[in-house]
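Start from the sequences, fold in the hints, and give me the full structure.
Numbering-wise, the working numbering puts 158 at position 128 of the sequence shown, and it's gapless, one number per residue.
Be aware that a few hints might be false.
Stated by the list, open to error - Here are the simulated DSSO-like pairs of lysine-lysine, each with C-alpha atoms no more than 30 Å apart in a straight line: (1) K161 <-> K284; (2) K284 <-> K223; (3) K161 <-> K282; (4) K285 <-> K161; (5) K158 <-> K250; (6) K282 <-> K222; (7) K222 <-> K161; (8) K137 <-> K161; (9) K223 <-> K161; (10) K137 <-> K285.
Hint data in this document are derived by calculation from the structure and do not stem from the laboratory.
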Amino acid sequence: MNQQFNEKTFDALTSKVPQVTLMFWIIKILATTVGETGGDALSMTLNLGYAMSSLIFLTFFVITLIVQVSSRRYHPFAYWAVVVATTTVGTTMSDYLDRTLALGYVKSSIMLFIGVLIVLFIWRSVTKQIKFENITSRTDETFYWLTILVSNTLGTALGDFTASTTGLGFERGALVFAGLIALVAAAHFWLKKFPPSALFWSAYVLTRPLGATLGDTLTKSHTEGGLALGRFTSSFVMGAFMVVGILWTSRKQKKGSEQ
Numbered sequence: 031m032n033q034q035f036n037e038k039t040f041d042a043l044t045s046k047v048p049q050v051t052l053m054f055w056i057i058k059i060l061a062t063t064v065g066e067t068g069g070d071a072l073s074m075t076l077n078l079g080y081a082m083s084s085l086i087f088l089t090f091f092v093i094t095l096i097v098q099v100s101s102r103r104y105h106p107f108a109y110w111a112v113v114v115a116t117t118t119v120g121t122t123m124s125d126y127l128d129r130t131l132a133l134g135y136v137k138s139s140i141m142l143f144i145g146v147l148i149v150l151f152i153w154r155s156v157t158k159q160i161k162f163e164n165i166t167s168r169t170d171e172t173f174y175w176l177t178i179l180v181s182n183t184l185g186t187a188l189g190d191f192t193a194s195t196t197g198l199g200f201e202r203g204a205l206v207f208a209g210l211i212a213l214v215a216a217a218h219f220w221l222k223k224f225p226p227s228a229l230f231w232s233a234y235v236l237t238r239p240l241g242a243t244l245g246d247t248l249t250k251s252h253t254e255g256g257l258a259l260g261r262f263t264s265s266f267v268m269g270a271f272m273v274v275g276i277l278w279t280s281r282k283q284k285k286g287s288e289q
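Take a look at the structure:
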């Protein structure tokens, strides 16, 4: 028993990802919202275009990923910086596929969904399991971030498809994805037969279109069904909430470890 406890403690200490709690999901939704508003700020407000914005955010992603992967333990701001990078590059890459290449929301969503399944299938084939906690090996960490990058790109396309193509609008689109996340949470608490990793990655994918529709609700014009708050302002406000959440979580976990 003591040996088993020590092994679990060691895994928790060396894991490169945070514990999955309610605050984790709140920060994740804030990060996806920042990704939507921040990506649109460069591509639309600054008029850099989807291709140039994607290159800028891809560079940001590579830099933050190098910092994250090279570290030997979990650093909250390094971790969430990579998440924000995947949401911003996911936003502009999805818009590039949908609009510049004219694939449309349906085709790009299907293509990216298949991409997520392929990454998870290869991950499962290589390591014999798909993880979301206690990421300690370089192989698992590589697949972890690749899954997040593709899933966040998929989420942008799904959010735009739900809000625009189906005619639901941004607010009702956000409610749809919030409801789907609630169903996944219900399955986690009451239907124990579902694999935890499948539920986690399902929720992870769904939080991206939720953040995308929330971001569009904040920034789109009144005629488009939004609040017209401005992309840079919304990005800074959501980013500030993220920082507060990260600091609060880190302080709480530090107190817990000292007790």
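Pair hint K137 and K161, alpha-carbon separation not exceeding 30 Å
Since the Cα atoms of K137 and K161 sit roughly 28 Å apart, the hinted pair holds (cutoff 30 Å).
Hinted pair, alpha-carbon criterion (30 Å max): K223, K161. Please report holds or violated.
It holds: about 17 Å lies between the C-alpha atoms, which stays within 30 Å.
So if I understand the rule, the pair passes when the alpha-carbon distance is 30 Å or less; does K284 with K223 pass?
Status violated; Cα separation ~33 Å.
Hey, K137 versus K285, does the alpha-carbon distance stay inside 30 Å?
48 Å, violated
30 Å limit on alpha-carbon distance, applied to hinted pair K161 and K284:
24 Å, holds
Keeping to a limit of 30 Å between CA atoms, is the pair of K282 and K222 held or broken?
Status holds; Cα separation ~28 Å.
Run the distance test for K285 versus K161: straight-line Cα separation, threshold 30 Å.
27 Å, holds
30 Å Cα cutoff - pair K161, K282:
With a Cα-Cα distance of about 24 Å, the restraint between K161 and K282 holds, given a limit of 30 Å.
Is the straight-line distance between the alpha-carbon of K158 and that of K250 30 Å or less?
44 Å, violated
Pairwise hint evaluation, K161 against K222, where the allowed Cα distance is 30 Å at most
17 Å, holds
Violated hints, in rising order: 2, 5 and 10; the structure is consistent with all others.
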